[in-house]
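Keeping the supplied structure of chain A fixed, place chain B upon it in accordance with the hints.
If you're matching them up, the sequences are chains A and B in order.
Residue numbers for the first sequence, in the numbering used here: 1 to 550.
Residue numbers for the second sequence, in the numbering used here: 1 to 550.
No lab work stands behind these hints, which were simulated from the structure alone.
Computed from a prediction, not measured in an experiment: that's the story for all the values here.
Be a bit skeptical, because a hint or two may be false.
Identical copies carry no separate label here, and so any pair may be met within one copy or between two of them.
Said to hold, decoys possible - Subject to a maximum C-alpha distance of 20 Å in a straight line, what follows is the list of computed PhoX-like cross-link-like pairs (lysine-lysine):
#  : residue 1 : residue 2
1  : Lys499    : Lys142
2  : Lys533    : Lys202
3  : Lys172    : Lys134
4  : Lys131    : Lys90
5  : Lys170    : Lys446
6  : Lys170    : Lys204
7  : Lys104    : Lys258
8  : Lys284    : Lys318
9  : Lys294    : Lys397
10 : Lys158    : Lys131
11 : Lys520    : Lys397
12 : Lys448    : Lys246
13 : Lys231    : Lys172
14 : Lys364    : Lys2
15 : Lys231    : Lys294
16 : Lys90     : Lys198
17 : Lys27     : Lys105
18 : Lys469    : Lys294
19 : Lys294    : Lys30
20 : Lys294    : Lys520
21 : Lys104    : Lys293
22 : Lys446    : Lys137
23 : Lys482    : Lys134
2 protein chains.
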Amino acid sequence: MKIAIAQLNYRIADFENNLIKITDYIKRGKDEGADLIIFSELAVCGYPPRDFLEFNDFISNCQKSIHIISQLTDSIACIIGSPSQNRNHKGKSLFNSGFFLYKKKIQQVVHKSLLPTYDIFDEYRYFEPNKEFKIIKFKGLKLALTICEDLWNVGSGKQYGQSPMDELIKQKPDFIINISASPFSWKHPETRRNVMKKNCLKYKLPLFYVNHTGAQTELIFDGRSFCMNSKGQIYDELKSFEEDFKVIALADVMAFSKSKKDDFSKEVILKEKEICQALVLGIKDYFAKMGFKKAILGLSGGIDSAVTIVLLCKALGKENVLAVMLPSRYSSEHSLSDAEKLVQNLGCESQLISIEDLHTSGEKTLSPLFAGTHSGLTEENIQARIRAVILMALSNKFQYILINTSNKSEMAVGYGTLYGDMCGGLSVLGDLYKTEVYELAKYLNKDKEIIPLNILLKPPSAELKSGQKDSDTLPDYLILDKILFNYIEKRKGNSELVKMGFEKKLVERVLGMVNATEWKRYQTPPVLRVSEKAFGVGRRMPIVARYVNR
Amino acid sequence: MKIAIAQLNYRIADFENNLIKITDYIKRGKDEGADLIIFSELAVCGYPPRDFLEFNDFISNCQKSIHIISQLTDSIACIIGSPSQNRNHKGKSLFNSGFFLYKKKIQQVVHKSLLPTYDIFDEYRYFEPNKEFKIIKFKGLKLALTICEDLWNVGSGKQYGQSPMDELIKQKPDFIINISASPFSWKHPETRRNVMKKNCLKYKLPLFYVNHTGAQTELIFDGRSFCMNSKGQIYDELKSFEEDFKVIALADVMAFSKSKKDDFSKEVILKEKEICQALVLGIKDYFAKMGFKKAILGLSGGIDSAVTIVLLCKALGKENVLAVMLPSRYSSEHSLSDAEKLVQNLGCESQLISIEDLHTSGEKTLSPLFAGTHSGLTEENIQARIRAVILMALSNKFQYILINTSNKSEMAVGYGTLYGDMCGGLSVLGDLYKTEVYELAKYLNKDKEIIPLNILLKPPSAELKSGQKDSDTLPDYLILDKILFNYIEKRKGNSELVKMGFEKKLVERVLGMVNATEWKRYQTPPVLRVSEKAFGVGRRMPIVARYVNR
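Next comes chain A alone, as it looks inside the complex (with noise of 0.2 Å):
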């Protein structure tokens, strides 16, 4: 048996151009003699479609699709994932299904068991869990087909009362399907092989495995579709960030077998260069998706606009950025100079424009107000809030996305400021901390100097006031990074922060600031996740509450 892979980018409710993509797939899958060819979970709507499952509008839209679909089904037989209703007037309205399609019929449809309710996921709030098990016969064989997170209870820490497989295990399947919505994280691929290859070990089952690619605003799919054989061992693995088709023999994976105990895929994972390709995607897909083509971001000479600039180059061309320099009276020179240099190296467009005369008025707008009272705060933000007029300004006028440069550590702690350096369509450093941001810097350089050395080597400032640093107001990142990471990453809490050994004013000052700046992250522009834990949906904290906060 030939069993084809697609691994493909959709567009969520864009059930036209997803028909006409999965259409040529089907097409391919035919010419390239597959007997079976496998879609990812949703893949008729996209993923995540959200509340967009409560209009019954959308629903039958897919079923219009898995219709079609079905009269592509002849020669050839295809899994693919759709919400389908539930007709039990009991439970939710609806299941998370694979549709199995053949003879231009709908022969079968399995529903997904375990529905992920957590971080970014929200499944219990749309579908039933499935509680029948039933394995699908095609050309004498038998294939488990289950759904991304079926395949996820085992092992230590098991979220679900069952595992699907232990019931499918009973009908004696000769091989697993999985198709997923697996988002990316940077540790992500590693702990999905190895959970799939749990699977392999325990069933012992060679296992096909399914993903999205392609990024849906915040949640980037890093692809990396797979077959492993009975040992959890990797036949054949698809293309990391994007699109990719391959048609594999059941019975060479059936026949394969490493000697290599542990040696499961060709490809070592490293952490800035997996960062660079999901945030390059991240900012590509956003902007196809939103039907933009071109970002403007305001380039301050610092590391994190510096990052941001490359990786928008990158994602979009040179020739669809533009960085807007907007020095105030308290820019230093280097600040200009290294974002001038930067600029060259990498050939985009760019223009200076001065923010005095808007600071200025601003002030003789507010003099009468501000009257007897010290500068502080409050001025530092007025030059980050006329910043945000201008380059909104441009961004209306030009048609282009403002980008925002704010890192996972200012974020954390509110330093930046709201509808001023907070603002932008897309955050894309937002999941980085501070010192991450420094690795990902030395990463882009590692070929070439793209990045002036100067903006890696001075200190972080606002330059918001005369002589300003980052560490006159906030502790030096590698301890506040740490703190962070472990109180947003790892759920820890004042008193086990402090039992770690960080030094308690100093995890009370940091927790204190974090939950006193709910409110701040509550308006900030989605955040490309690429850690276990991202600001944005994944993360719900009140904003009203007192912990560790005053």
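Relative to chain A, chain B alone:
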């Protein structure tokens, strides 16, 4: 048996102060001779705690609170909500529990079975559903303790496969207790009573229903705890929108019977009155719980900012509200005079700040870049953003919270400037369509003309260019709001709306506007929720998608 109902306003994660409050009310219960005191769902930590539930430190604080409270239960028993650990090593790590405390001990822990995971609710994100049912025995009586949603699987449209009371009834309880965290929307009090009445009638038992009061950012809890006899007639009800406490003799409830069949509440629910009270509480608690006193807003002379400021004065006192008039060259004379008259009527402080200087500077700064382009939306947006710069400067300098004045209609279609008039810490009217804002204005004016009549009569305008009116760009609000209501609240899709009789082109235009502006709404402040479907945490739409979009 005398039963005390404690309907309180908690602060999320503020264990110390929640404990002080709970302790006080236990004392009061004892003083008034109660045998049992009932607090609401997750009372020890406040509701909704969201991802704080993922912190061990947070859960251990809950456990400490429960232990301390248990030590107060010598002569009085106590039922109170708290998360508890799932020790099964299978499934989610927590339960949403009701603790029965008596004689200084945890006598019994009852877990929630039905976990709302829709709209603003995410309970299956954190909690394992209960599957074991046991009534509580106390002083010769049998209590069926249920937690909020546990009683909501009655009638049509059943979301869950089971109803906990169907199990508990087998153990022949004498009455039902329901501890809730049931947030307000203006139709909800009636729905809630009807659902609870159905339970009383179905199981032929009296019911004690204990709700939260107070607001938690966007969610407003209206209190209205009550007890019903076995016919579902209300014996007694606690106050709406404030803390309240009552001791009720069970025998009196048992003996109580009304003749008039459907008169199940003394209270008539009036939409505008409800919404007004809810928004006032929402504002009040946001400020109190954020630790702020004073509000600032831009007063344009239009209906939205007028209604907002009246509500602010009611919530915070006129002495804590600063109205800022920010006229531009396009502001009409009546805008200023109407705003001034309103300020006079309210007696709050005001400032007049012309944006002309900043506006001219902005034009000057941008003129080399904008040469040869036509003046349009960009130039309009600049004015709105300059206003935001000024308002945020005042907010930062003098510790005001800037209040957003956008209504639901303009938020829906994106008729507002991001980082301009869409700024603010809290959106007061963001869950009211434009037509509802007018209704609320009339209600606020019912005894006395507070909002100058001209504001209600003149056609709505953003006044960002000469002679501008909303109707230049938007459909008539009477039709627009109906389409929006059916799309947003009722999840009617494109084809269904056309079938309902709305013009096809108009439907596509409106839905297109809504869908194309998800990215804007992602960055707007939390919206006080008064409808069944508010923008924000309860409505989760993809930003990058294509459904009637381009």
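Hints, verified against the model:
1. Lys499 x Lys142: neither (53 Å within a copy, 45 Å between copies)
2. Lys533 x Lys202: neither (29 Å within a copy, 45 Å between copies)
3. Lys172 x Lys134: Classified as within: same-chain Cα gap 11 Å, cross-chain 40 Å, threshold 20 Å.
4. Lys131 x Lys90: both (13 Å within a copy, 17 Å between copies)
5. Lys170 x Lys446: Answer is neither: 53 Å inside a copy and 71 Å across each miss the 20 Å cutoff.
6. Lys170 x Lys204: Only inside one copy: Lys170 and Lys204 sit 13 Å apart there, 46 Å across copies, limit 20 Å.
7. Lys104 x Lys258: neither (39 Å within a copy, 63 Å between copies)
8. Lys284 x Lys318: Answer is within; shortest intra-copy Cα gap is 13 Å, inter-copy 50 Å.
9. Lys294 x Lys397: Classified as within: same-chain Cα gap 12 Å, cross-chain 36 Å, threshold 20 Å.
10. Lys158 x Lys131: both (18 Å within a copy, 18 Å between copies)
11. Lys520 x Lys397: This pair counts as between: shortest inter-copy Cα distance 17 Å, intra-copy 27 Å.
12. Lys448 x Lys246: neither (35 Å within a copy, 75 Å between copies)
13. Lys231 x Lys172: Classified as within; 17 Å inside a copy, 55 Å across copies.
14. Lys364 x Lys2: Neither, since 75 Å and 67 Å both go past 20 Å.
15. Lys231 x Lys294: neither (47 Å within a copy, 66 Å between copies)
16. Lys90 x Lys198: between (34 Å within a copy, 19 Å between copies)
17. Lys27 x Lys105: Result: close within a single copy only, 17 Å intra versus 69 Å inter.
18. Lys469 x Lys294: neither (32 Å within a copy, 32 Å between copies)
19. Lys294 x Lys30: neither (39 Å within a copy, 69 Å between copies)
20. Lys294 x Lys520: between (27 Å within a copy, 18 Å between copies)
21. Lys104 x Lys293: Result: close neither inside a copy nor across copies, 40 Å intra and 67 Å inter.
22. Lys446 x Lys137: neither (52 Å within a copy, 71 Å between copies)
23. Lys482 x Lys134: Neither. Shortest intra-copy (47 Å) and inter-copy (46 Å) distances fail the 20 Å Cα cut-off.
When the structure is compared with the earlier hints, violations turn up for hints 1, 2, 5, 7, 12, 14, 15, 18, 19, 21, 22, 23 and for no others.
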